[in-house]
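Protein chains: 4
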Amino acid sequence: MSDAASILEDLVTANRILANEKVLDSFGHVSVRHPQAPDRFLLSRARAPDMIQVDDIMEFTLDGASVGREPGKPYAERFIHAALYAARPDVKSVVHNHSPSVIPFSVTNRKMRPIMHMCAPIGNDIPNWDIRDKFGDNTNLLVTDLEMGRDFAQCLGHRTVALMRGHGSTVVGRGLREAVFTSIYMEINAGLLIQSLSLGDVVYLSDGEIETISKGRAGFTIERGWENWCNRAKRPYVAGEWTTGKGFSRSDG
Amino acid sequence: MSDAASILEDLVTANRILANEKVLDSFGHVSVRHPQAPDRFLLSRARAPDMIQVDDIMEFTLDGASVGREPGKPYAERFIHAALYAARPDVKSVVHNHSPSVIPFSVTNRKMRPIMHMCAPIGNDIPNWDIRDKFGDNTNLLVTDLEMGRDFAQCLGHRTVALMRGHGSTVVGRGLREAVFTSIYMEINAGLLIQSLSLGDVVYLSDGEIETISKGRAGFTIERGWENWCNRAKRPYVAGEWTTGKGFSRSDG
Amino acid sequence: MSDAASILEDLVTANRILANEKVLDSFGHVSVRHPQAPDRFLLSRARAPDMIQVDDIMEFTLDGASVGREPGKPYAERFIHAALYAARPDVKSVVHNHSPSVIPFSVTNRKMRPIMHMCAPIGNDIPNWDIRDKFGDNTNLLVTDLEMGRDFAQCLGHRTVALMRGHGSTVVGRGLREAVFTSIYMEINAGLLIQSLSLGDVVYLSDGEIETISKGRAGFTIERGWENWCNRAKRPYVAGEWTTGKGFSRSDG
Amino acid sequence: MSDAASILEDLVTANRILANEKVLDSFGHVSVRHPQAPDRFLLSRARAPDMIQVDDIMEFTLDGASVGREPGKPYAERFIHAALYAARPDVKSVVHNHSPSVIPFSVTNRKMRPIMHMCAPIGNDIPNWDIRDKFGDNTNLLVTDLEMGRDFAQCLGHRTVALMRGHGSTVVGRGLREAVFTSIYMEINAGLLIQSLSLGDVVYLSDGEIETISKGRAGFTIERGWENWCNRAKRPYVAGEWTTGKGFSRSDG
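Quick mapping for you: the protein sequence lines, in order, are chains A, B, C and D.
Residues 1 to 253 (this note's numbering) make up the first sequence, in order.
Residues 1 to 253 (this note's numbering) make up the second sequence, in order.
Residues 1 to 253 (this note's numbering) make up the third sequence, in order.
Residues 1 to 253 (this note's numbering) make up the fourth sequence, in order.
For the record, the hints were derived by calculation from the structure and aren't laboratory data.
In this list, chains with the same sequence are indistinguishable; a pair is considered to hold if it fits within one copy or across any two.
Dumping the calculated BS3-like pairs for lysine-lysine here, alpha-carbon to alpha-carbon at most 25 Å:
hint	residue 1	residue 2
1	LYS111	LYS134
2	LYS215	LYS134
3	LYS22	LYS234
4	LYS111	LYS215
Kindly generate the complete structure, drawing on both the sequences and the hints.
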């Protein structure tokens, strides 16, 4: 399979995994920066993530304009992706979700912070973007143009996750599989945190722990999840690079 | 497929979707106003929603009397539907449910209000009908005659949703797919709200946001959910009108 | 199928349904009074409910002694069933369960009471039997002899449900399908009540409502659930008596 | 099937069961002491539990060094297993998990204690190991060398379960099926306890009850769960020793 074909298959798989793991329902979307053209990104036409096929995937500029094939109507919120790829050259993948356990943190003052090692990469400082602050009280809460996308990107800054009040959140990653991994464990962390808070004061991961885990998260950790999620979503597993590269060693964890 | 056949298939699909998405269990029912005879509505014989076949569907007058084929016993609560179609010419579909996350709001003073954009159309003012108020303390809580149905319709008024104390709720829509969509996201909203309230004070959607979203909810949004829910419920997806009409445009969200 | 064969098939189905609806897990058991010999009851050998076959079913006296075929070891807690059939001639079926949402009410002072019409038959006065009270602090909490069974039966009295502290609960019915129905809706009620209590003061069903619903619960209501649960548990549905008897009428709800 | 083959099949089954029952997700691992060589233990290569095949299983010394076949990279945390088998000759199996309902107890001061008879063997005194206490603030929370493993083993002491702050917990057993059983009911107990605590003060199992249950837990109880979980996980059920040995008797519970 060519690289181009393989990235499309991976993007379909990411959609199916996120639907199957309940991070996305009929809505939400995941994109990947074009591997050959960094000023482009790949994103499905507007369709429920669990329905997406390779043929649904479209190519967009960093202004959110579609180029090439148009199999259907694009997502109204493609501007989230466009603005983030423009603002953050390090970002290779974006997941916009309505992750259910995360939403309560977007409508209360309670901060979402990581309490479990798997979830550390969401970071210790997660902003909550409120569309009302700049765009007023009569929006449909969706990020439907570049100005809104850029405002959100500014709020996200250098971070990995930002909440969106009354709406959901957006996660970025240095790769598609990493963004999926972070999204799944963010949902898990949020659910665990809601339960923990019902028991009393919570010990969060420390800044040192978060930094150590985030820097050290290795490809094989992400692969372990990806293989399992592929199987659960009934998608073929295609091994990522680490397993064939020199990352393999008995001593590296 | 003729229009008449297609509405029956859609009604079966609506039942299966609502059962599969856990809005209905063995009880609850969904109806649609007869597309050719606005003083009639279509509703299954009394059967669990997930079991319903085309042959189970009966036709009723706005008094709740069955006309035509009688494949079996009708639902005792067909009067909810009859009274709502009589009172509300704009209503084309009715879902009566025991949606599990909604019931807690029917037995406490805590108001159910939308906190997430997808759920906005349930509105900011959801009444809670208590059958005891007019019909006393010895009912089985069911709406088993027209007088009760009319009392409930009066409580619902111009709204989209009314709770029923110790029982469930009823949702109306301008179309079958819209009523299903609203029902599914009402359940989601209720579950999110219960969790949010455990975290502290909640920021609800504003009146402006609710109005903007409710007015702007487009057919393609509903279709995106419907296609996905058909797939999950293992029912064929038949595209709704928007996809073939002029609603399709790259600029409309 | 003979009556004798049909009751065995129904008992297998009841086990599978209760496992599939999460009222039973690997433990718990359901029995039925022998239709021809009221001083006997039918209960599987000790096996997980979802695994039970017709050949696993044994016959017991009201002392808990097995008679006839012995396909395997009996449940240690058959004395719950024995004592209840002895004490309550009206009881035709017994479900002993570890119904998960019910257990919290057995270990706290919070009373489980019905808040939703479907659940009314559990009644307004549900005792909580604590094996410690009579049998001290060194039991394994199981009802492993007739004396314990009789003590529990005395606690249950004329009621439909009694909790068992740190253990589960036991439900009785005038028929197998009724006991299954009550058990499933008891679990649902308990889950709804836990959520409702997190929202504030709860309006319970009134005594009048509970009495009206409990007296009026008709066979066709139970059948509607049974057909659906058979389908979900992948068991054939055999219609109960009401559908062929004179219970069918357009006016009876 | 030889004993050696059968222990490998059982270990695969244990992995699949724990994944299917949601005690493990893509991470966590279960091992068994080598039946012929007590200074060795068997553990899969680093792979998601639901993906594991017989060919993935490796053999390790009590220092955590692999011996023999190396089908892939080992788990970084094999030192949990190594240290526990070294410290506790009575231990024949170890389950390290991120059991979701247990984690909240690892990040709050609320003690996890058994409230239900099935869960008694977790014991009344469950320590919470915090890697920070000895290894500081810059770990990734994983037990990645023998020194950490030994520190954890010291914390566990003679007990059956110890929590690991912000990480999960580890369960030991006198056999593989027992460790699986304890793990599943620990997760259930934790979920029930979180709900119970929301209702008010909780009555825990007494020390006498815990001791009676823990000492009396018989092989056939564990088998009843194992058979059911095999079926749910679509794995063949191979009967354990009790069913063919003299443990079978009508009087032993």
